[in-house]
Amino acid sequence: MGLEEKLPEGILTTQLETLVNWSRENSTWPLLFGLACCAIEMIATGSARHDISRYGSELFRASPRQADLMIVSGRVSNKMAPVIKRLHDQMSEPKWVIAMGICASAGGPFNNYAIVQGVDKLIPVDVYVPGCPPRPESLLYALDRLRAKQGKETFRTYVDFKAPPLSKQPDEISSLESLRRPQLA
Amino acid sequence: MLNVSPRTRAYETLPGLNPLGIPAVAPLPSGESPDTARIVERFGTALLAAGLHNGQQVVYVAPGQLVALAEFVRQDPQLCYEALIDVSAVDRSELPVSDQRFHTVYQLRSYARKQHLTVVCPLADSGRPSVPSLAGVFAGATWPEREVWDLMGIRFTGHPDPRRILMPESWPNHPLQKQVPVGGEEVPFTLTWSDPEFESFGKQVLAAESKPPVLPPGMNRENMIINMGPHHPSTHGVLRLVVELDGETVVNVDPDLGYLHSGFEKTGENKRYKDFVYYTDRMDYLSAMSNNMGYCLTVEKLLGIAVPARGQVLRVLMAELQRLASHLFWLSTHVLDVSGTGMALLMYATRERERILDLFEMACGARLTVGYMRVGGVSRDLPPAFLGHLDAFLRAMAERIDDYERMLTNGPLWEERLRGVGHISREQAINLGLTGPMLRGSGVDWDLRRDAPYGGYEQYDFKVPVFSEGDSYARYLLRMEEMRQSLRIIRQAVDRLPDGPFRVEDRKITPPPRAELDISMEALIHHFKLMTEGFQAPPGMVYHGIESSKGELGFFVYSDGSAKPYRLHVRGPSFNNLFAISNMSKGAMLSDIVTNIGSIDIVLGEVDR
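Protein sequences appear in the order of chains R and Z.
Last residue of the first sequence: 185 (this note's numbering), numbering continuous.
Last residue of the second sequence: 1609 (this note's numbering), numbering continuous.
Careful, some of the hints might be misleading.
[Unchecked claim] In silico BS3-like pairs for lysine-lysine, Cα to Cα no more than 27 angstroms straight-line:
1. K1114/Z with K1463/Z
2. K162/R with K1211/Z
3. K95/R with K1211/Z
4. K1271/Z with K1178/Z
To be clear, the hints were calculated from the coordinates, so they are not data collected in a lab.
The task is simple: from the sequences and hints, build the whole structure.
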């Protein structure tokens, strides 16, 4: 457009989408959340040798409301399934999920009554990492693949986004007391 | 809930070649020992059987006499079995017997006399099998009995807290009963794009609705009740604690387990002996080598085989390296939990831990889930460069432990948070069935490596640190000293590493070397038979405990003569040690719970199994 020629030095032009995606790619904060063996490798990824902060992901947030990325690191039991679903629901958009290891991806060696055969039965997964457990390098590569995916996102995604229906419309709520569970009230 | 495919227990041997008498019942004990003679003298014909079985003292007693027997062996000065280590049960419905479907099995320990006793209690058949609870005699029976009720469906009459412990309250069955299928899903090997099932992949298909929490019994709603976990940064995994608070003082703690229940025991009953080694890695994933070792020793005890000297030394070497790695990880996370400024120590300790993982990687190719040991020895010999790297590591490590101590031991913040916190008296520690550093930190001088040696530990010279204070600070000092002793054992193991085979040469148990397969038809047949059928173990039952980094890791195997364990039970040290959390935390501050969890050193993979 010739705009660049008229601007003083030190100013770059770009698209808003690219700028937003660039910042998201470089500061994806994971949820501080570990399940099983893979969590130990996730901690190893975050600590001395592998240093996940090179990817801007060293800030593991304990609250799902501050996190962008859920790394499902380990096997998901039937008792844990509602908790994971709820944590994922509590994360604000945009959010991403990495299924770390074969257990989170497809159940792995635990093909039995206790384990959900893949966390994608509960929540949508962006990147699957094979391995039992994956090495820290594999997790870093998964973050790299996630960056590639984040870089391709457009605002159109959010225009088309339909929020799930509310269980109760706001005008149906008479008081906060009525929202309390009956056995607690 | 899920697509459950029923699977029956199939014995994969051809008819005609099938050894007769499979499945078979474990034989009754024979002979006698001074202890069983003493028990027989007291109870006489009320005992069903007593004697030795696989080198262990076993007593069979009817449910009516169980509590009397437990009280007798506990209080009699000649017997003095102070602690109940483990409770498990066997469902015999697939064995060739028609009565007494359930047996409960108790493991008792005398610390003063260094003796072990197994008590088996056959239950009368009825729609609601039940047995008197031993929680009144040994407090440590409370959780293991809840686990047996949850997974096996045996009621314990007089139990103080008869709730399920691992599975959700609404779970329809008791999964370890034999008629319950192992569950899971069929693996679709021939899935194509046109398959309608393909569409559902990656979509939400399970509703997984959150249920409102239930108030644990004994809690008062007038006080503040808070929920810690299962998603909480300081619970070391997916532990959930319901905490009742009066101000900031803890009135009551109720741990809710099972968020990582993975069905290890049921899976083990459907895998051949040789295939379950890899699962043990994933139980206590911070000390995979110790788990390998415990399981292999148990199966070897059942088979009655001895591992060659080199294999034994390699196992000890790896197990002690693993203890070091596990304690380093405990230290780093404990410091991080207790004082938020401890990030530096996390970085330092993981730096050393990575070096140990590098050594494991050299030996077996994996960092965490190693699968290095096999029934009959270890999977492969050390690579040539291993010992050089190990030597460099050992020299550096001794100084590092001093470094950590300089950072922590006399630090006012560290002492403030640990001294006097989570106190357990000697009597409590024994009665609650605690093991490992939890027991030694309370003044009980007991270490299975020294007092019931296994795997050649009797040949090593090492001290067992014991502290009598019983608080978190004592347990911290104790684990630091254990790391130094591990270094000593490793140095001795390196010095004495003999030449020779690293696993038994019996081709029925370990596969032949790869080179032999090219030239020998017999080797090929052995390899094929071993990989497809595995090896069969003689009928019987066996319990074996080892000193893992967290306490006594025990495996109980009931064999019916086939190539798979009929019943496999794991006594996880973290599970029994975690029971102490209520005793440790009552009356303390909320923030002390975090110290206590760290001080117990739990791994949820082992607590929930």
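Going down the list of hints, with the structure as the test:
Among the hinted pairs, K1114/Z with K1463/Z is consistent with the structure: their alpha-carbon atoms are about 17 angstroms apart, no more than 27 angstroms. A threshold of 27 angstroms between alpha carbons decides the hint, and for K162/R with K1211/Z the separation of about 26 angstroms falls inside it, so the pair holds. Simply put, K95/R and K1211/Z have alpha-carbon atoms about 24 angstroms apart, close enough for the 27 angstroms limit, and the pair holds. Annotation: proposed proximity of K1271/Z to K1178/Z holds, straight-line Cα distance about 15 angstroms (limit 27 angstroms).
When each numbered hint is compared with the structure, no violation occurs for any of them.
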